[in-house]
Structures are given as structure tokens and as C-alpha cells.
Amino acid sequence: NAGVTQTPKFQVLKTGQSMTLQCAQDMNHNSMYWYRQDPGMGLRLIYYSASEGTTDKGEVPNGYNVSRLNKREFSLRLESAAPSQTSVYFCASSDHSSYNEQFFGPGTRLTVL
Amino acid sequence: DAKTTQPPSMDCAEGRAANLPCNHSTISGNEYVYWYRQIHSQGPQYIIHGLKNNETNEMASLIITEDRKSSTLILPHATLRDTAVYYCIISTDSWGKFQFGAGTQVVVTP
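Which chain is which? The protein sequence lines are E and Z, in order. In this text, residue positions in the first sequence follow our numbering: the first is 13, and each later residue adds one. In this text, residue positions in the second sequence follow our numbering: the first is 516, and each later residue adds one.
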């Protein structure tokens, strides 16, 4: 069981470039999430997907798009990267069980120059 | 979801109990208290959760006051590996959206 995997681990972009962050989970979870974490701060929710085929905005969705490709995979796309999007991005997943234990991936460190 | 207040940092001696407070004075009756921790640069990890009763698992104990306006996470015998940022989160959802605050940076010293 790999849990939640994210690729790439590190990425450097120039302003205006685009890229897609990939996330996959092998726990058969229904829900998946994308968070960002800026230095010294807690995580903020960007987008989430309650189940396959659905996505919803979180706290800070501007500048991002998501795709729930199937039950396993949830990708985050930056169409035109900006320096303000320099952050660590975490993907998480959870099941619709009796409580909300979210399992997190190792993160992607993104720097936008 | 209710907001939480946690001290920004605290130190704990190795082998001693670490008591981490959290205030959530606006908590509603159907909101759970969750605790997660984040060890340096890693993704957060679930520790424990509770509604009204005190809870214990292999990692920690959670004490919730009778009025539910505050709670305390107890790490019974802190080790160096418990050095992390600890987040107290209030949520109604059995899945879904968490609001992570800044948390408490706990440093366990030898």
C-alpha cells in the first residue's frame, strides 16, 4: 500500500508557465483534497472532490483548476503560474466513514520565479 | 465551522507528558474536535478526535471540557519524534473540509 502519492516532489516554474500536479491514492477512498501551505502557516484548502465526478472550490481556488480523473486520481493544474503560488502543495484522501481521517501525501514543493 | 485558538509554541522534556490546550468557545453541538500533527515538511497525520467524551488511543488522549469550549491533547510520554506542529480542528463533517490554523509548535528536548 503506497497510500497517497504525489508527483513531482519539486518543481521550479517561471511566471506564466503552466503545470499539472498529480495525486493518486490506492486506499479506495471516495474523497480527495488539494491544500497549499505557505511558510509558517497552516494548510489552506484549494479544491476538493467528494466523490468521483464531482469537484468543489475550497478556501483559495483562484488560479487553479482540478480534475478528478477517476476514483484514484485527482490532479491540480496551474494555468499561468504566479510567484504568489510558490508554496508546498499537499494532496489528501479520506473515506466516508464515521469520522474524517484524512491521509496526506508527501507534498510538492513549487517555486515560481 | 468553529474557530480555534492554540498557543504558538511550547516545550516539553522527553519522557514527560505534553499537554496541548485548544480553545473553541464557539463550537456547536454537532462539531467534532480533531487533532492532527505535522512533522517537519511532511503531510499532516491524524492523531485523535472526539465529540463529547474523553478519548484515548495508542498515540494520545483527548480531554474535552464539559461545556465543550476547550480541549487538551495529552501525549503521555513525549519522545523526540513527537516534535511537530499540532493542529486542533473543529468540523461537523464526517468527511470534507478542514480549516487548519497555525497550530502549536511542540519541541521535545532531551
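For the record, the hints were derived by calculation from the structure and aren't laboratory data. Any given hint could be a false lead.
To be verified - If you only want the chain Z side, here are some residues facing chain E, beta carbon under 8 Å, derived:
hint	residue
1	PRO523
2	CYS527
3	ALA528
4	GLN557
5	PRO559
6	TYR561
7	TYR602
8	LYS612
9	PHE613
10	GLY616
11	ALA617
Said to hold, decoys possible - Here are the computed distance ranges between Cβ atoms for each label pair:
hint	chain 1	residue 1	chain 2	residue 2	range
12	E	MET31	Z	PRO522	36 to 44 Å
13	Z	THR520	E	PRO95	25 to 33 Å
14	E	MET53	Z	LYS584	23 to 31 Å
15	E	ASN74	Z	GLU573	39 to 47 Å
16	E	ASN40	Z	ASP526	39 to 47 Å
17	E	ALA14	Z	PRO625	49 to 57 Å
Unchecked claim - Once the Cα atoms are required to be at most 25 Å apart in a straight line, the calculated DSS-like pairs of lysine-lysine come out as:
hint	chain 1	residue 1	chain 2	residue 2
18	E	LYS69	Z	LYS567
19	E	LYS69	Z	LYS612
20	E	LYS69	E	LYS83
Ideal Cβ positions, reconstructed from N, Cα and C, are used throughout, including at glycine.
Against the structure, the hints:
1. PRO523: It is violated, given that the least Cβ distance between PRO523/Z and chain E is near 10 Å, above 8 Å.
2. CYS527: violated (21 Å)
3. ALA528: This interface hint is violated because 25 Å lies over the 8 Å limit.
4. GLN557: holds (7 Å)
5. PRO559: holds (5 Å)
6. TYR561: With a closest approach of 4 Å, the TYR561/Z hint holds.
7. TYR602: holds (6 Å)
8. LYS612: holds (6 Å)
9. PHE613: holds (7 Å)
10. GLY616: holds (5 Å)
11. ALA617: Since chain E brings a Cβ to about 5 Å from ALA617/Z, closer than 8 Å, the hint holds.
12. MET31/E - PRO522/Z: 36 to 44 Å: holds (38 Å)
13. THR520/Z - PRO95/E: 25 to 33 Å: Cβ of THR520/Z to Cβ of PRO95/E: about 31 Å, so the range 25 to 33 Å holds.
14. MET53/E - LYS584/Z: 23 to 31 Å: Given range 23 to 31 Å: holds, Cβ gap about 25 Å.
15. ASN74/E - GLU573/Z: 39 to 47 Å: holds (41 Å)
16. ASN40/E - ASP526/Z: 39 to 47 Å: For ASP526/Z against ASN40/E, whose Cβ atoms are near 41 Å apart, the range 39 to 47 Å holds.
17. ALA14/E - PRO625/Z: 49 to 57 Å: The hint (49 to 57 Å, Cβ to Cβ) is violated, given that ALA14/E and PRO625/Z are roughly 34 Å apart.
18. LYS69/E - LYS567/Z: violated (31 Å)
19. LYS69/E - LYS612/Z: Given pair LYS69/E, LYS612/Z holds - Cα atoms ~10 Å apart, limit 25 Å.
20. LYS69/E - LYS83/E: holds (18 Å)
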